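J.: Sequence:
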Amino acid sequence: MLVGLVGGPNKGKSTLFNALTHGSAAVADYPFTTIDPNKGVAFLDFPCACQGLGVACFPRYGKCVNGIRSVPVNVIDVAGLVPGAHEGKGKGNEFLSDLSQASALVCVADASGLTDEFGNPAPAGYDVSRDVSFVEEELDRWFGKVVARNSQRFSRAKGLGEIEQILSGVGVRESHLQEAIKQSGVAPEWAKWRERDFLLLAAALRKLSKPIVVAANKMDMPRAQENLAKLQQILQGYSVIAVAADLELALGKASEKGLVEYDGKGLKIVADLSTQPPAMKAALERLKATFEKLGTTGVQTLLHKIFFEKLDCIAVFPVQDERKYADHLGRVLPDAILLPKGSTAVDLAGAIHSDLAKGFLYAVDARTKMRMGRDEPLADGSVVKIVSAN
1 MLVGLVGGPN KGKSTLFNAL THGSAAVADY PFTTIDPNKG VAFLDFPCAC
51 QGLGVACFPR YGKCVNGIRS VPVNVIDVAG LVPGAHEGKG KGNEFLSDLS
101 QASALVCVAD ASGLTDEFGN PAPAGYDVSR DVSFVEEELD RWFGKVVARN
151 SQRFSRAKGL GEIEQILSGV GVRESHLQEA IKQSGVAPEW AKWRERDFLL
201 LAAALRKLSK PIVVAANKMD MPRAQENLAK LQQILQGYSV IAVAADLELA
251 LGKASEKGLV EYDGKGLKIV ADLSTQPPAM KAALERLKAT FEKLGTTGVQ
301 TLLHKIFFEK LDCIAVFPVQ DERKYADHLG RVLPDAILLP KGSTAVDLAG
351 AIHSDLAKGF LYAVDARTKM RMGRDEPLAD GSVVKIVSAN
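Mapping of the sequence shown onto our numbering: position 339 corresponds to residue 339, and the numbering continues sequentially without gaps.
Hints are supplied without guarantee of correctness; some may be wrong.
[As the list claims (entries may be wrong)] Derived CB-CB ranges, DEER-like:
#1 D321 - K358: 16 to 24 Å
#2 E309 - D263: 19 to 27 Å
#3 K281 - G237: 42 to 50 Å
#4 Q183 - K158: 19 to 27 Å
Keep in mind that the hints were calculated from the coordinates and are not lab data.
Remember, it's a predicted structure, so these values are computed and weren't measured experimentally.
C-beta: ideal position from N, C-alpha, C; glycine also.
Using the sequences and the hints, build the whole thing.
T.: Laid out in structure tokens, this is it:
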């Protein structure tokens, strides 16, 4: 699964990317700092299965601290979009194509209201919701072009599975097509689709295959709370998350230097302020005051909204030894895999390796030690042993 960061220039996308990934994407106060897409790994937190099992886990990737598992998820930050991006303005076609395999999108809006949709200083009273509306329009127009470009192939398709293959380059699945046909009201006989049908279908497909969460960024700036309220009022039906990416990034760096203890939820200054230079002391106190005022930077809230609500994921822990909850090397609960809700043991096997799925025999619920049906949906937090002929 891939999360794409989108938005106009100078909205703080690269800062949010760095806050999510602890990376070093270029950040500057002018449009088009990012030209090539930044790719990185963020970490999603959730309760680990070790809590209920009474064992100490040994994650191969990420970490587990006090029963909270952190697993890697892929993030891409593309250059700022501008109105007309679908026509190629500002290298828009290139930037949009970078998002083709994204499972969900974060539209970054400047909650301070200081920049317009082009990334330039905004006039007084700028409507921050335009940061979102123009991006969504550009995405829908881009998606519409992709669908229209393949319209002749649709008419020859023998089933939705073939249409899924045609649109696989933009991450469309057959389930998306089935739901988009219902939502758009187009005829189920795709050979009869006309231009208007393709436009309606494209808009529905984009929303289903690339759902959007709005990150109201720069919440540590003046007027951000006022603009957040306006965003939430105007964008009803959207998920709008208050985010302070710059604060998250600063807290992460201070934590790495041993100046503070910060786990995403609580903050404590551990440096002896009496020995710190005046500028450092003031900076740490300012960070603490800002964090206490906001209560959160919103970064983990954003990831949770994407993966556990928009993408409706569950976390599953595959093991090879159901008695010790371990792999063949004895590592306890070494992996945590994110799967769509409704996934089965066969889906889990396929997520581990295609050969496991091909040779699938049965699965064992490591908690109950009972066999599971091949089509039985997995529960969130399941610990599962896969038995395969391969």
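J.: Any hints this thing doesn't respect? Which numbers, in order?
T.: none
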